[in-house]
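Residue numbers (this note's numbering): -13 to 290.
Among the hints, erroneous ones may be present.
To be verified - Listed next, with one range per pair, are the computed distances between beta-carbon atoms:
(1) Val257 x Asp38: 45 to 55 Å
(2) Ala42 x Glu111: 49 to 59 Å
(3) Gly133 x Glu44: 27 to 37 Å
(4) Ala26 x Pro119: 40 to 50 Å
(5) Ala273 x Pro119: 46 to 56 Å
(6) Gly92 x Ala71: 29 to 39 Å
(7) Ala275 x Asp30: 17 to 27 Å
(8) Val257 x Gly133: 38 to 48 Å
(9) Ser14 x Lys269: 50 to 60 Å
(10) Ser14 x Ala71: 21 to 31 Å
Since the hints were made in silico from the structure, they are not lab data.
Predicted, not measured: the structure shown is a model, and the values here were computed from it.
Every residue gets a Cβ at the ideal spot worked out from N, C-alpha and C, and that includes glycine.
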Amino acid sequence: MAKSPKISASHEPGGLIVHISGLLPSLSPAEQRVARLVVADPADAARRTITDLATAAETSEATVIRFCRSVGMDGYPQLRIRLAAEAARRIEPPDARVVGGDIPPGADLAQIIATIAFNDARAVEETAEQLDPAVCEQVVEAIGAAGRIDVYGAGASGFVASDFQQKLHRIGRIAFYFPDVHTALTSAALLGRGDVAVGISHTGTTSDVIEVLEQARARGATTVALTNFPRSPISDVADHVLTTAARETTYRSGATASRLAQLTVVDCLFVGVAARSRARTKKALEATAEAVQSHRVGPGRRRG
């Protein structure tokens, strides 16, 4: 029998907007239009009647009600109350020209810098707010007890996978990262019970990562998915699902935000594992630091 991913049904910290953003790809096209209006301006959406919101989204009132239920609301009145509360707690960008974390046409470099800095900082903060400590604890326990850990990722997520593998290796954990899908698959085929496989994919739809994680699961390994979208396909092959809260924006500036959000989760897991065996961690860090010490330039050395 296939194992089901462990996602807390009632766990929705970090705000309703983060929750809706994560579910957006799983909604119908009409529901997505409603979702984008709500995410873009929750205060405005909270002021609208159901008829007004349906008209603005070019859909029907019935679709708005379906949207409410899809994101866990009993109906439109509850959604309006939650949106009003969300708008009241929402952090506004320090630069008034930064609207919605996007980069408008004609933006000067100062505005681009302010927008990217705001978007990246918000991704880290919202990721931390919505991260489920209970699921993190389960993953830390599994990694801490694992005989071997494989980490998978492609593209930008591959850099994060490599970073996680390096961190684990630095504290004496047997961890591997293979950027090529063929070598990743052959590695996954050798995993077994007591091992852990971690798949990282922002969209949760990267076929290479899903395939490798599925292979690892078939061999009996505990599988972990790190994605921005909890209902994405990668969740179907994961025993534990951890989510980030980054938003893609103009010119894919969100790509940096997504990596920072992923690295935030990776660091939480790494420190969690390291803290469980402080003496072993300290010894490993000291040994690895000493090994590369001779390759560091001392303060007395300067270039001519």
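We went through each hint and held it up to the structure:
At about 47 Å, the CB distance of Val257 to Asp38 agrees with the hint of 45 to 55 Å. In this structure, Ala42 and Glu111 break the distance hint of 49 to 59 Å, their C-beta atoms being roughly 29 Å apart. A beta carbon spacing of about 54 Å between Gly133 and Glu44 contradicts the range 27 to 37 Å that was offered as a hint. Look at Ala26 against Pro119: about 30 Å separates their beta carbons, and that is not inside 40 to 50 Å.
Roughly 31 Å separates the CB atoms of Ala273 and Pro119, a value that falls outside the hinted 46 to 56 Å. One distance hint, 29 to 39 Å for the beta-carbon pair Gly92 and Ala71, holds here, with the actual separation near 35 Å. Restraint check, Ala275 to Asp30: a C-beta distance of roughly 53 Å breaks the suggested window 17 to 27 Å. Under the hint 38 to 48 Å, the C-beta atoms of Val257 and Gly133, about 21 Å apart, miss the expected range.
Checked against the hint of 50 to 60 Å, the pair Ser14 and Lys269 passes, with Cβ atoms roughly 54 Å apart. In this structure the supplied range 21 to 31 Å holds for Ser14 paired with Ala71, their Cβ-Cβ distance being about 26 Å.
Comparing the model with each earlier hint shows violations of hints 2, 3, 4, 5, 7 and 8; every other hint is respected.
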